[in-house]
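J.: Could you build all of it, start to finish, from the sequences and the hints given here?
Each step along the sequence shown adds one to the number in the UniProt record's numbering, with nothing skipped, and position 236 is 236.
For the record, the hints were derived by calculation from the structure and aren't laboratory data.
C-beta atoms are modelled at their ideal positions from N, C-alpha and C, and glycine is treated no differently.
One or more hints might be untrue.
To be verified - Straight-line Cα separation of at most 25 Å, DSS-like style, residue types lysine-lysine; simulated pairs:
id	residue 1	residue 2
1	Lys-240	Lys-64
2	Lys-312	Lys-64
3	Lys-295	Lys-240
4	Lys-312	Lys-265
What the hints assert, rightly or not - Listed next, with one range per pair, are the computed distances between beta-carbon atoms:
id	residue 1	residue 2	range
5	Gln-374	His-103	48 to 56 Å
6	Arg-72	Leu-294	24 to 32 Å
7	Thr-336	Ser-273	47 to 55 Å
8	Ala-151	Arg-45	20 to 28 Å
9	Pro-358	Glu-68	42 to 50 Å
10	Asn-46	Ser-78	30 to 38 Å
11	Ser-78	Gly-351	16 to 24 Å
12	Ser-78	Arg-45	51 to 59 Å
13	His-103	Pro-358	49 to 57 Å
14	Pro-353	Ala-105	29 to 37 Å
15	Arg-45	Glu-249	38 to 46 Å
16	Met-386	Met-94	56 to 64 Å
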Amino acid sequence: MQFSGSVPLCLSDLDWDLHWCDKEWIHDEFDHIHLQPHQRVNHFRNHYELTRKDLLVKNMKRAKRQLEKESRTDEAQSYNVYPTTYVLPMEYSMFVEEFKKHHNALWIMKPVGKSQGKGIFLFDKLSQINDWKTVPSFRQPEGQTQQTAEAYVVQKYVENPLLIGGKKFDLRLYALVTSYSPLTVYFYRSGFARFSHTHFSFDNENLTDIGMHLTNVAVQKQSEKYDEKSGGKWDVRRMKMYLMSKYGEDKVNQLTTAIENIIIKSLLSVQKSMINDKHCFELYGYDILIDSNLKPWLLEVNASPSLTANTKDDYDLKCGMLDDVLTIVDVEKYLTGNELQVGGFDLIYKGGPVSNHPQNAIFRSYLGSMNDRQQQLKKLAKLLAMRAQASPEAATTATTSSSAPGSSSGATSQRRVAARRAVREDSRDAASNAAQPAASKT
Numbered sequence: 001m002q003f004s005g006s007v008p009l010c011l012s013d014l015d016w017d018l019h020w021c022d023k024e025w026i027h028d029e030f031d032h033i034h035l036q037p038h039q040r041v042n043h044f045r046n047h048y049e050l051t052r053k054d055l056l057v058k059n060m061k062r063a064k065r066q067l068e069k070e071s072r073t074d075e076a077q078s079y080n081v082y083p084t085t086y087v088l089p090m091e092y093s094m095f096v097e098e099f100k101k102h103h104n105a106l107w108i109m110k111p112v113g114k115s116q117g118k119g120i121f122l123f124d125k126l127s128q129i130n131d132w133k134t135v136p137s138f139r140q141p142e143g144q145t146q147q148t149a150e151a152y153v154v155q156k157y158v159e160n161p162l163l164i165g166g167k168k169f170d171l172r173l174y175a176l177v178t179s180y181s182p183l184t185v186y187f188y189r190s191g192f193a194r195f196s197h198t199h200f201s202f203d204n205e206n207l208t209d210i211g212m213h214l215t216n217v218a219v220q221k222q223s224e225k226y227d228e229k230s231g232g233k234w235d236v237r238r239m240k241m242y243l244m245s246k247y248g249e250d251k252v253n254q255l256t257t258a259i260e261n262i263i264i265k266s267l268l269s270v271q272k273s274m275i276n277d278k279h280c281f282e283l284y285g286y287d288i289l290i291d292s293n294l295k296p297w298l299l300e301v302n303a304s305p306s307l308t309a310n311t312k313d314d315y316d317l318k319c320g321m322l323d324d325v326l327t328i329v330d331v332e333k334y335l336t337g338n339e340l341q342v343g344g345f346d347l348i349y350k351g352g353p354v355s356n357h358p359q360n361a362i363f364r365s366y367l368g369s370m371n372d373r374q375q376q377l378k379k380l381a382k383l384l385a386m387r388a389q390a391s392p393e394a395a396t397t398a399t400t401s402s403s404a405p406g407s408s409s410g411a412t413s414q415r416r417v418a419a420r421r422a423v424r425e426d427s428r429d430a431a432s433n434a435a436q437p438a439a440s441k442t
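T.: Right, here's the structure in full:
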């Protein structure tokens, strides 16, 4: 495996299987190299259709309008998963009309091209965005200014967030897409809730307290109240158990099913726009807010979710998830591609919804369920060994009876197995930079 770094690499001249690159490399280099059939990279060319805030909203709105034209009203309503949103400056007039309908409502401005909470601010009066509105390009016709207004999305603030211990939180969840044609989606069972360090208040004097309203780790770490031991996080399973004890199984089942629906609908909305490529896969980080009625709201989708860790639990989650991503990508060709579970990932969509639940199951989503990834991988290894014994041809092309996902023994492609090991170690090294101090205390 190769990483994009400060030293230019001519990848077409190197022997590699998987290139874990940054988004900029995809934009600048992908179209200029020839990839071998087995080689993989970790981004789709135009991932920004999903991961840029303004384009995500545009695609979601377009998908909803199309369903309404086809009189598929119920399905169209299932796309109402994000707060009222406008793209500025393009939709400023429509935003003002909506703003005037909601007196004393709170709105949040987000620059489309920034992350980690940078450039975000809250307001409840139009006068509070005058500085942004007076940029020359906002007032002049296109092409008649030398200065360009930075694009923002403006969203109606979710005024009734679910609070735990009086504090606001959101969820960081993970979805893996291995193909957009057919759309193939795996959803990770684990994730985490990120808490604000400050008790939530809706008073106007707290509009500038970004740490109260944004739960990003990058924002929370700036506070003296930041808890380095827990990282201000709960595991999603702990969150699920807490909600079940307070609201009951039925409501939590509806919540987790609705979250899974958000993942699928967002990806369906960009499916036709996305440039599918057999060499590409992508791990997305979804940010979900839950309101006091247990309705989930989509905040944004990240193409490069942070894989560094600041606690032992964070370290274990991300290393295990990366391991499972590489098993699914499967450069060694162990798998059939139809496995319903691989490690901590569950296949939830492949050209249509996929269900892997017993008929009497209480929950219709595995989100927050026991992440039995190690036991599952052992079972999968046994299944593959049995398949190899039954098919000598499969044993020759993929693995021998003693081999398994992530194991080098008996594999016919030693080089590819070594590449997988290298990426795991490199990924763990990157994650451990922040995680190791916490791990040493455990």
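J.: Against this structure, judge whether each hint is valid.
T.: Consistency of the hints with the structure:
Between Lys-240 and Lys-64 the CA atoms are separated by roughly 30 Å; this puts the pair beyond 25 Å, and the hint is violated. A hinted pair counts as satisfied when its Cα atoms are at most 25 Å apart, and Lys-312 with Lys-64 does not qualify at roughly 41 Å. Note on Lys-295 and Lys-240: the hinted pairing holds, with a Cα-Cα distance of about 14 Å set against a maximum of 25 Å. Taken as a hint, the Lys-312 and Lys-265 pair is broken in the structure, with Cα atoms around 33 Å apart against an allowance of 25 Å.
Distance hint for Gln-374 and His-103: a CB-CB separation of about 55 Å, consistent with the stated range 48 to 56 Å. Here the CB-CB span from Arg-72 to Leu-294 is close to 26 Å, well matched to the stated 24 to 32 Å. Under the hint 47 to 55 Å, the C-beta atoms of Thr-336 and Ser-273, about 29 Å apart, miss the expected range. Against the hinted window of 20 to 28 Å, the Cβ-Cβ separation of Ala-151 and Arg-45 comes to about 21 Å, which satisfies the hint.
At roughly 36 Å, the beta carbons of Pro-358 and Glu-68 sit outside the given window of 42 to 50 Å. For Asn-46 paired with Ser-78, a C-beta distance near 25 Å fails the hint of 30 to 38 Å. A hinted range of 16 to 24 Å holds for the C-beta pair Ser-78 and Gly-351, which are about 18 Å apart. Checked against the given bound of 51 to 59 Å, the beta carbons of Ser-78 and Arg-45, roughly 28 Å apart, lie outside it.
Taking 49 to 57 Å as the suggested C-beta distance range, the pair His-103 and Pro-358 conforms, at roughly 50 Å. The hinted range of 29 to 37 Å is satisfied by Pro-353 and Ala-105, whose Cβ atoms lie roughly 36 Å apart. In this structure, Arg-45 and Glu-249 meet the distance hint of 38 to 46 Å, their C-beta atoms being roughly 42 Å apart. Taken as a hint, the range 56 to 64 Å holds for the pair Met-386 and Met-94, whose Cβ atoms sit roughly 60 Å apart.
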